[in-house]
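For the record, the sequence lines run as chains B, P, F and S.
Note that this note's numbering numbers the first sequence so that position 75 is 75, with each residue one more than the last.
Note that this note's numbering numbers the second sequence so that position 89 is 89, with each residue one more than the last.
Note that this note's numbering numbers the third sequence so that position 7 is 7, with each residue one more than the last.
Note that this note's numbering numbers the fourth sequence so that position 50 is 50, with each residue one more than the last.
Any given hint could be a false lead.
[To be verified] So the derived list for chain S, only partly shown, Cβ under 10 Å to chain B, looks like this:
1. Met31
2. Asp32
3. Ser63
4. Asp66
5. Glu68
6. Val70
7. Ser107
8. Val202
9. Glu204
[Unchecked claim] Listed next, with one range per pair, are the computed distances between beta-carbon atoms:
10. P/Asp34 with F/His547: 45 to 51 Å
11. S/Leu159 with B/Met33: 24 to 30 Å
12. F/Val578 with B/Met33: 52 to 58 Å
13. P/Thr67 with S/Ala189: 35 to 41 Å
14. B/Gly8 with F/Leu476: 42 to 48 Å
15. B/Pro185 with F/Gly575: 37 to 43 Å
16. B/Val13 with F/Gly575: 55 to 61 Å
17. B/Gly174 with S/Trp27: 32 to 38 Å
18. F/Arg554 with B/Asp283: 28 to 34 Å
To be clear, the hints were calculated from the coordinates, so they are not data collected in a lab.
The beta carbon of each residue, even a glycine, is placed where N, CA and C say it ideally should be.
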Amino acid sequence: MVEIANPGMLELVVDLVLMPIVAFVVGLALVLMARRVRAKIERRVGPPFLQPVYDIVKLYSKRTQISHGWMHDVAIMLLLGGFITAEIFLPVPGMSGLAEHGDLLTLIYIMMVPMLGMALGVGDCANPNGSIGISRALTAMLAYDVPYIIAVVGACMVYGTSNLVEIVQIQQAGGPATWGIVTMPLLAIAGLISMHGMLGKEPFEIYIAPAEIATGPMVEMSGKYMGALFVMQCFQLYTVGVLYTTLFLGGGEMWLTFLPKVFAVILVFVAITNLFGRLRTEDVIAWMWKWPTGIALLGLLLVMIDV
Amino acid sequence: MTQPKNLPSSLDIILHEIPGVRMTPKEGRRIRVDSSPDSLPALLELLKGRMGFMHLSAISCVDWPETDEFELIYHVWSYEQKSLVSAHVSISRDPGRFVSVYDIHTPAGFYERDIHEMFGVVFVGSPNLRKFILTSWDGPPPMLKSFDTLGYVNETYGWVDYQPDWLRDVEGKGGGIES
Amino acid sequence: MSLLDLLLLLSLLTTLYLYAFGNHRNAGHLGMVVYAVATGLVIAMAGPLADGTGAVGSTFAPVMLGHVLSWSMDGLGWFFALLTTGAAFFASWYMSGEWNAEQPNKRIQHGTLALNVFCMLLLLSSGDLLSLFIGWEFVSWAAFLMMTQLGSHAARAAFRYMLYALAGAMAVFAAILIVKAQIGSFAFADLRAAVPALSDGLKWLLFGLFGLGFGVKMAIVPFHLWQAPAYSFTPGASSAFLNAVSARMGLFAILLVLGKLIGFATLSDLALPLIPMDAKTLLMWVAAITMVVPTFIALMQTDARMLLTWHGIGQGGYMLLGVLVATPLGTAAGLMHVLNYASYQMALVLAVFAVIHRTGTADLDELGGLIKRMPFTYLALLMGIIGLAGLPPMNGFVSKWMIYKSLLDTQQPLLLIAAFVGTLGTILSVYKLIHNIFLGQLRAEHQKVGEAPGSMLAPMLILAGIGFATGFFPGLALGVVDVAQAALGVELLPHGLGGVYLATGSLNMIWVVGIMIGAIGFGAFVFYVIGNRRYGVHQFDNYAGGHFLSADIRYHFSHEFYPGLARLIGPWYRGSVVNMENGLMIGLKTAGDLWHGAFRIAYTPFYLLVALAIGLWWAGLDGGF
Amino acid sequence: MNDQVPVVGEERPETCRAPDAEERSLWRRVMDQFADHCRSRSLFVLHYCTGCGAVELPPTITSRFDMERVGVSPMVTPRQADLLLITGYLSVKTLKRVILSYEQMQSPKYVLGFGSCTINGGMYWNSYATVKRLDQYIPVDGFIAGCMPRPEAVQQVILDLMRRIDSGQANAWRDYYLDYDTYLGRQAALFGEEWHTPTDVVAEARHYGYFGPGTTGVHTARLKNYTEWALNQIPELLPERGRNEKART
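In isolation and in its complexed conformation, chain B is listed as follows (with noise of 0.2 Å):
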């Protein structure tokens, strides 16, 4: 049973502190992972260890940075801002940081505002590489928010709370037998799915599209505002495994039980990506609402009748 003792101001500024840093290292191993699991599909070697760190510093030390506006310089701020805010709303083991005060439903909004700071600098651009890339990557949200939001209303609902705390308490008094994968199988699916979407991996890598879009929203981002979205990737990568793991596998009790759940639900979906082509925009619409989005519903049907 995690002991949530009610964090006293010391206690709340270590979380503040530590849960982005935890977030952002646990998110380049990430990134890391997903490399080389794709350079082994492809039968290469693979980046060394450190890759995603060079990046990122090089990146950040080029000596000239351009800009297309005081937006553009905004939205990095708030690239960075947007995730760092939702890593300190989601509860992971022993540090709890302010999941008492906003739920489930805050957390997924919060998780919108970086993609809209990265859609108004990208706009300030002024490339139309980038707008397309963004009018891409908002079509894609629609998609792939409508199964994804039942699979959330779905869980609220069978754990009878959105307050994320009590979600993970819940499934860990219950053991194995109570956790979300095994009460709600159907949802559980529906989530995967579309949380593969929201990574924009390649089923769903129709904003990013290097060969139509030159790299979309990325086209004029270089140096510290190309690094500050190799960090967003971390933490996109970070938060997306760790609330999967929340909301169906479990929560973490100890970091030992918690890292490879968060680390097997990446490996599902990078194995899946470096597998599949690029879907086209209406297409990757149609699919959602049709396979995963019907596999929510059932899932829910099924939850409303027993609840």
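Using the hints provided, position chains P, F and S relative to the given structure of chain B.
For chains P, F and S alone, kept in the frame of chain B given last:
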């Protein structure tokens, strides 16, 4: 490869209708036809209409400064006969003017535009003879033999006599490839 | 002379004065002063209303048809009155500066604004059904006056609105007559007492007629076609006022009649014969459709004003849904959404009209890159769209979160999913709005466009500031909502300054927004300290696949902003409701022609005679009606 | 090692650090050392396939020779790239685009010329249309002899470049700022007097402190401020479009 035995006879019948045309079959399925400048359009028309020589694959131009002539060669291919006719025509360099065959074969428009840019030959009636590939070139037509390419290169790109010491001792040892 | 009298008298005098001397240079400033005083009066009335039972009565009590009309403002009316006078204050401020100098018909604009405020106050303080109907008619009529100023397509849209409004008014009038016939009095208390005794059929009839009548003004789905063009083609600040407040009068009437008098509880007992659904759930599903359909219509608009007004209709669905949940959290959410919506929608519409004032067009395909010329207008629009989309730092998020939470707690997931799909559609269309106007390449002809004048910027930025303040401290708005909630008879929602603490999940915006500001501050620290200084470049120094950019080639993506989505859901926009409306019109027209044809035959007096004879015979038959 | 490569002017010994006057504090030197270390191990490549050498790069980067082992990964736009590979002969038109891409890259940036065509014109040495020496127009860090060099040769040069970046000697990119006037003069000689790119290199040099005596001179004087020129003369360019029925506000 089947030797089109009957080809020369059927072509003979057609070609007799056009004055000043001489035909010499080349190896394989190629036939060289020498025609006078003013009968070329009729020749191409006839080949295309009667014998199915639909595909004008290229017009090449050869600059003969000694006889002060341009030689234009029209390569036409027939899918039915499975044979290639190269119609050779020679026009004088000085006015450098010739009639366009755009109305017979549309791709001729591009070939004529290219020859105009490279050799300066003016094709009367060709739809568009503006600058084609060398957009920022204002010198003389570069493919002419009268154009001194090496002189232009030395003057534009600044030739530097480059004799570093390592190159000299490599040459001293009898060229770069060790035995 | 009670406070209510003072308020009504003040607004009547302002209407007359402004209509007469509206062309005066600082008529706008006078309007600002008057509306500020009116808002002060409304706030002063808050005292007795706090406990929910009190009401500020008016001494003005004419007698009509042997019935004494009474006007008194209770907590619910007070809440909407505060909204009305506040919105009028900002609208008048917007019209006071440089905007005024350019307008041909200043007098009409000021006059109609004051008239609308007066009629709305009259409606909001109605004491019984008859005065409610009178107020309702005045409001519809005043809104028509405001919409039809610019003539041509504005007049057509206003006329179409008038048709809908009249149809709605007739339904309400019929319902009031039925109540009079059944209960014998127009007073609210009598109706409230008599409702349990009424038969189910009669309850359905009242629900249908009142719901239809008031729903037309709120533009719920079947009757939503008139609002977007009518509100968009109204000039400047009046459009902002209409957007923010006018459609909420319908919500006030629904709350008053269906909520307070008939009661949502009785509605939920009225079961539909075949479908396992009662009247309240039916209305909730209508509200859910009102949230989704107009939002996706807004997504496809190319005129900024139309896009925003379509969103106005969608947001009306959120308020109705929140209120219909009828739990303390739900009612508070619906009412708070009214306030939040008014703040960010007005800021948005004012910002769009500032862009029109400077560039002359609101067509999203003709604009772009204005952030470099109008940064403050961009800021106002940005905070507005964050509120409209309902994202954390702004107040829109708080009320939407409460709506979702109330739906979760009452086990209605499908409605929650419809609400969330509506939010997603909003996020897509608001980004299209801000991108096509402010981001991307600046057009050649907009190189010299100046920032909007101070008198237009101030109201926008203050409204956006109010949005952020109530987002950071939702307690402020929830305090105002409590007065209305008490008047509705729903028990109050326990809330602190930061937000709501519930057993099943809580929201404290002070922590959420505080951490966001801190985190963004850390992001700024990382941006400025780590890495070399930034170097700004102009828009032609851009990646174009090796092409040399210059101003004569338009290197900008804005036309049909979501092509993938349009290809997929394009066929859904068959305009089935528009066809229904046309069908209705054609049906009425042919019926009219038929009727007209019958009368044109030569000896019409003969038919009159026959009709009269039949009437007399029937009257004589059973001794009169 | 260095004399094999025809280099413009003499090789500058100091390191890749920004040439600020005061002696850099220990902390700054450590940071620069670490930055150079990371810079050498994470090269984002933009290979501008001008000629026949482009076919050598897929095997170099993907599974056959796998340059991701040393941190080299391909990027799509010049903004994100550090290493520009010119893989073949350069026609005059292509050189304009290469210079535009080079100026859009963020320094420190490096250029590798593939094959003899970039060294001395290669087999097109006497052609009127091709550029003979790439390093006259943009500073080049390394050439790979051969017509076309195989992936092993490409790997060799990239590893050598990484060693020079790590030790801080690969600073040819600063020559572009410090001697911009000579480069612009040579470019204008080839492309004509109206030649300019949207990137304002002189302002960038001044902003980041690479403004030397050679940055401005005869040729840059002719280069009027492109931004004003591009933005101001537009009204004449575009016919004054009747403001569409000024939305009656």
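Structure versus earlier hints, numbers of those that do not hold, lowest first: 8, 14, 17
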